[in-house]
Amino acid sequence: MAAVTVTVDANANRHTIDERIYGVAWADATAISDLEIPINRWGGNAMSRYNWVFSTANRCKDYYFYNIPDGVSSGDGSNGKSADDFIGMTRAAGAQPLMTIPMLSLLPKDRTKRCSYPQGLYANQEDFSTFEPVTCGNGRYDDGNGIVGDGDRILTTPDPNGIATSYSASHQGDWVQHMIDTWGDATSGGMKYYALDNEPGLWSFDHWDVHPDGATYDEVWSKMEEHAALIRSKDPNAIITGGEEWGWSGYFMSGLDMENGDDADRDAHGGVEWYDWMLDQFKAYDDANGTRLLDILTVHIYPQSGEFSDDVSASMQQLRNRSTRSLWDTTYVDESWIGGTFHEGKVQLIPRLKSWATRYPGTKIGITEYNWGAEQHINGATAQADILGIFGREAVDLATRWEVPPNGSHVYNAFKMYRNYDGAHSKFGDVSVSASGPNPDDVAVFAALRSTDNALTVMLVCKTAGASTAATVNLANFAASGDAERWQLGSSNVISQLADITVSSSSISLTLPAQTVTLLVIPGPPAPQAPTGFSASATSTTQVAATWTAAAGATLYEVYRSAGNSAFSLVSSTSTTSFNDTSLTANTTYLYRLRAVAGSAASPFTAIDPATTIIFTDDPLNVGMTAKAAHVTQLRTAVNAMRTAAGLTPQSFSDPSLSPGLAIKRAHLTELRTALDEARGAIGISAMAYTDPVITSQITPMKATHIRDLRDGVK
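Going by the working numbering, the first residue of the sequence shown is number 66, and it counts up by one from there.
Take these hints with a grain of salt, some might be off.
What the hints assert, rightly or not - Label-pair distances were calculated between CB atoms; the ranges are:
hint : residue 1 : residue 2 : range
1    : Gly211    : Ala68     : 49 to 55 Å
2    : Thr247    : Ser574    : 54 to 60 Å
3    : Gly746    : Thr639    : 26 to 32 Å
4    : Gly326    : Glu291    : 27 to 33 Å
5    : Ser605    : Ser571    : 44 to 50 Å
6    : Asn76     : Ser233    : 53 to 59 Å
7    : Ser719    : Thr647    : 32 to 38 Å
8    : Asn472    : Leu635    : 37 to 43 Å
9    : Asn78     : Thr639    : 19 to 25 Å
10   : Ser231    : Ala77     : 54 to 60 Å
Claimed, not checked - Derived EDC-like pairs: lysine to aspartate or glutamate, alpha-carbon spacing no greater than 20 Å straight-line:
hint : residue 1 : residue 2
11   : Lys348    : Glu338
12   : Lys780    : Glu736
13   : Lys146    : Asp135
14   : Lys419    : Glu84
15   : Lys492    : Asp99
16   : Lys178    : Asp135
17   : Lys146    : Asp239
Treat the hints as calculated values from the structure; they're not laboratory data.
We put the CB at the ideal spot given by N, CA and C, even for glycine.
Required output: the full structure, derived from the provided sequences and hints.
Written out as structure tokens, the structure reads:
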């Protein structure tokens, strides 16, 4: 292949890579530890019919519609034991579980092996599996052509109560409560992530024994609303993912329209496509109730031309190389059947997710199932390395591969190139920067700065088979302080450390063997010292002033800001030691942090400092002044602004309406302290040191300093 030139600019397109993009489903403790998996998903078709009371799920069409009890570590499987085993293992290994909450109502009736289509009742089926105590079929009539999977579905099932019991949504609310009681809630470091079922658009295609008709817009939204509200009521700070649709048609159509091959359901909803309409409902609910029911909008994607397979023919390898463009390229027309369908067949999945999310501002995006196949081949590894790089570059918030790749496989080691390439848990960088090359179908390139040591990491994914490729990597705005380490994964399926390579005049020349993943780790210049004395305070209801003391070796200072529990983003790069943030919203807490920069090297961030855009009455509140109802009312607004910034729900206070002249109670101050400290803890800053830490009714006198302490905690 012709030589390629790659350009990396360490100051361009910088943003934090969310480590949650490195998630998987069904990882064991070894994989979680080795790959430093952050999210481990409990999901898949069967989890739509998991009954936590019996630790039993129906395997739907995937395995002859059997109810199969899960194995458990101890006991009789009651009270969600199999899920608890998964959660406990996941947490102990260092990851967070993402738990699928079923929204189908018909769930296994007990912990007994049963099935929907026993041979004794339905003899004319395509296929049977012998599994004690009864032989069961695949739920399709045998049409005599010898092909399994194309017969008509058997929709006249026996009474589903033979294998299932109908449960209301409160059953799942009880499960969420059980998990919280067992493991703790999101604020306390316990359970955090819940998914609203799995691929509801395919309920009638996967679970036709209990849901023979395609799901409608209204049915799925009603179930989402009910189940998400239950989760939120149990844990106001849980992270709820939803959508969870299977793929392309499911983004735009209801299950009913997919089943019938028409647009009747969509037309009945103003012609609005499914994901657009769904997000409109979530936003309308939030507007009406002040409660967010969806935190991360999620989809599933599988390439539709056979890439999700073990096929490694030359043509399939080339297609696998190209088809990852469907994740990001706004001009790429999908080469499968998708190409002739909606939106000119341009999937552009991540830009499309971001566009959908604008309908409900504040919604993050995730891809909770994907798989490009070829797990035991280097072509699968280059595809996986490409995908992980794309997720980081395109700022996806969460991703979980289906499933964890087999231990030691090529695809497993592609993950390892990002998460533990040296066996000592060294990682690809966490701040994405600009990286470009001539053709990502041949050589894809990704780059990121590593905050822990200011190294620049460059991932070169050579997808092409055949001859090696000469490559030049040009570095802009990065002063290397030594030779680059070089790590490589090839067809031998071994991650090898090769000889270090010289950085000459901000350029690296190397050869990329065919079908390899190569990581360059380029040491950066020494980092400047961190700034000291950083302080941010509101100077009006629309402006915050930040100041700090100069740091040795710094040429610039970067100020980052977060609002409404959003990710921190760069708001100023200045050579001075102050910054005025203007055009802000009143009664809002903004979180600030600062770091010093010298070239491409950056100091650690300062501690977070909050600033709330409230100008308090009687400020400063001097000793001897009387605490007023207005002071407490303003503090309640400020403390709840802090809680919003921390991702917590607003606190409800006693005596919600404090009239002028009303006596201030000690309970009012205690409530404010508790609510504020919880917010500060969630943000990651220390609790306040209060005057009179314990305020005792009828004993502790009310003081102006009590009000001042609380004001200092939100300023």
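Of the hints given before, which are not true for this structure? none
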